[in-house]
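Peer 1: The primary structure of each chain is shown beneath.
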Amino acid sequence: DAKTTQPPSMDCAEGRAANLPCNHSTISGNEYVYWYRQIHSQGPQYIIHGLKNNETNEMASLIITEDRKSSTLILPHATLRDTAVYYCIVRGQGAQKLVFGQGTRLTINP
Amino acid sequence: GAVVSQHPSRVICKSGTSVKIECRSLDFQATTMFWYRQFPKKSLMLMATSNEGSKATYEQGVEKDKFLINHASLTLSTLTVTSAHPEDSSFYICSARKARSGLDQPQHFGDGTRLSIL
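Chains A and B, in that order, give the protein sequences. Per the numbering used here, the very first residue in the first sequence carries number 1; after that it's consecutive. Per the numbering used here, the very first residue in the second sequence carries number 111; after that it's consecutive.
Incorrect hints may appear among the rest.
[As the list claims (entries may be wrong)] Derived BS3-like pairs: lysine-lysine, alpha-carbon spacing no greater than 30 Å straight-line:
| hint | chain 1 | residue 1 | chain 2 | residue 2 |
| --- | --- | --- | --- | --- |
| 1 | B | K208 | A | K69 |
| 2 | B | K152 | A | K3 |
| 3 | B | K208 | B | K124 |
| 4 | B | K208 | A | K52 |
| 5 | A | K52 | A | K97 |
[Claimed, not checked] Chain A side only, calculated, beta carbon under 8 Å to chain B, not exhaustive:
| hint | residue |
| --- | --- |
| 6 | S25 |
| 7 | G29 |
| 8 | Y32 |
| 9 | Y34 |
| 10 | P44 |
| 11 | Y46 |
| 12 | L51 |
| 13 | K52 |
| 14 | N54 |
| 15 | Q96 |
| 16 | L98 |
| 17 | V99 |
| 18 | F100 |
| 19 | G101 |
| 20 | Q102 |
| 21 | G103 |
[Stated by the list, open to error] Quick partial rundown of chain A residues pointing at chain B, CB under 10 Å, derived from the structure:
| hint | residue |
| --- | --- |
| 22 | Q38 |
| 23 | Q45 |
| 24 | H49 |
| 25 | N53 |
| 26 | V85 |
| 27 | Y87 |
| 28 | R91 |
| 29 | K97 |
Source of the hints: derived by calculation from the structure; they are not laboratory data. In this text the structure is predicted, and so the values were computed from the model without any measurement. Yeah, the Cβ is synthetic: ideal placement off N, Cα and C, and Gly gets one too.
Please take these sequences and the hints and turn them into a complete structure.
Peer 2: Following this line, the structure appears as structure tokens:
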């Protein structure tokens, strides 16, 4: 599976959009981009995933560049409860397991 | 939903004790479940892949005799930490994928078990 690179930490003001970047320059054509988050002392929570097209659900939007080498997770109106570590993971079509990197520690400030 | 339940959420026991952790998929069947461990301020590390009705597949460096995995049904996998020692203290997390799901379906995680060995 392709490796991902994320900034170790980010801050965002409550009520603003939080944009979390992820680089996956070695991604191959059949690999999906997944986003999970982990709030302190809990298990990871699935947020969203995509292959080529941009995706949106009730939690977030996922913007994937045309060359698929990077993506951005957008939390449109961040709240204090969105403070967590966010993981961007690339998973191959034939692979079952998820390999977690270090993620981005997002802090939402009041 | 796709709910995964872990039990217990926290356990404290003496060195040398064996500890069993359960992972259940509550509203779906899971042919495959995964076990992770996480040390403080570190990321999740995959320990093993648990397959219903067959032997688990362990990641490199994980002792299979130390961490026994049983996946006897489509809704239950167990991890037993045998003869636990203080260095086994960690946060153990399981996840599951729906049976017969497409290759792009997400895994769903339990809330973890915090194991402390005295």
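Peer 1: For each hint, tell me whether it holds in the structure or not.
Peer 2: Quick rundown of the hints versus the structure:
Proximity of K208(B) to K69(A) is assessed by CA-CA distance (about 29 Å); at most 30 Å being required, the pair is judged to hold. This hinted pair checks out: K152(B) and K3(A) have alpha carbons roughly 17 Å apart, not beyond 30 Å. For the proposed pair K208(B) and K124(B), the alpha carbon gap of about 36 Å is over 30 Å, so the pair is violated. The straight-line distance between the Cα atoms of K208(B) and K52(A) is roughly 23 Å, inside the 30 Å bound, and the hint therefore holds.
For the hint pairing K52(A) with K97(A), the CA-to-CA distance comes to about 21 Å; that is within 30 Å, so the pair holds. Hint on S25(A) is violated. Least Cβ distance to chain B is approximately 20 Å, over the 8 Å limit. Annotation: G29(A) was flagged as interfacial toward chain B, and the flag is violated, the nearest CB pair being 13 Å apart, outside 8 Å. A least Cβ separation of about 5 Å between Y32(A) and chain B falls short of the 8 Å threshold, and the interface hint therefore holds.
Proximity of Y34(A) to chain B holds as hinted, the smallest CB-CB distance being about 6 Å (cut-off 8 Å). Using the Cβ-Cβ criterion of 8 Å, the hint placing P44(A) at the interface with chain B is satisfied: the shortest such distance is roughly 5 Å. With 8 Å as the threshold, the beta carbon of Y46(A) comes within range of chain B, its nearest partner Cβ sitting at about 4 Å, so the hint holds. Satisfaction of the interface hint for L51(A) is found here, the shortest Cβ-Cβ separation to chain B being roughly 7 Å, below the 8 Å cut-off.
Restraint check, K52(A) versus chain B: the minimum CB separation of about 12 Å is more than 8 Å; hint violated. For the restraint placing N54(A) at the interface with chain B, the shortest Cβ-Cβ distance is roughly 16 Å, beyond the 8 Å limit, so the hint is violated. Given hint, Q96(A) at the interface with chain B, holds; its Cβ is 6 Å from that chain's nearest Cβ, closer than 8 Å. With its C-beta approaching chain B no nearer than about 6 Å, L98(A) sits inside the 8 Å limit, and its interface hint holds.
Interface hint status for V99(A): upheld, as the beta-carbon distance to the closest one in chain B is roughly 7 Å, under 8 Å. Of the supplied interface hints, the one on F100(A) holds, with its beta-carbon coming within about 4 Å of a beta-carbon of chain B, less than 8 Å. Hint status for G101(A): holds, given a least beta-carbon distance of 6 Å to chain B, under 8 Å. Nearest Cβ of chain B to the Cβ of Q102(A): about 5 Å, under the 8 Å cut. The hint holds.
For G103(A), the shortest C-beta to C-beta distance to chain B is roughly 6 Å, which falls under 8 Å, so the interface hint holds. Satisfaction of the interface hint for Q38(A) is found here, the shortest Cβ-Cβ separation to chain B being roughly 8 Å, below the 10 Å cut-off. Hint status for Q45(A) relative to chain B: holds, with the closest Cβ pair at about 7 Å, below 10 Å. The beta carbon of H49(A) comes within 6 Å of a beta carbon in chain B, closer than 10 Å, and the hint placing it at the interface holds.
Hint on N53(A) is violated. Least Cβ distance to chain B is approximately 12 Å, over the 10 Å limit. Checking V85(A) against chain B: minimum C-beta separation of about 8 Å stays under 10 Å; hint holds. Annotation: Y87(A) was flagged as interfacial toward chain B, and the flag holds, the nearest CB pair being 8 Å apart, inside 10 Å. A distance limit of 10 Å between C-beta atoms decides the matter here; for R91(A) the minimum to chain B is near 8 Å, and the interface restraint holds.
Evaluation of the K97(A) hint against chain B yields a held restraint, the C-beta minimum of about 6 Å falling below 10 Å.
Against the hints set out earlier in the document, violations occur for numbers 3, 6, 7, 13, 14, 25.
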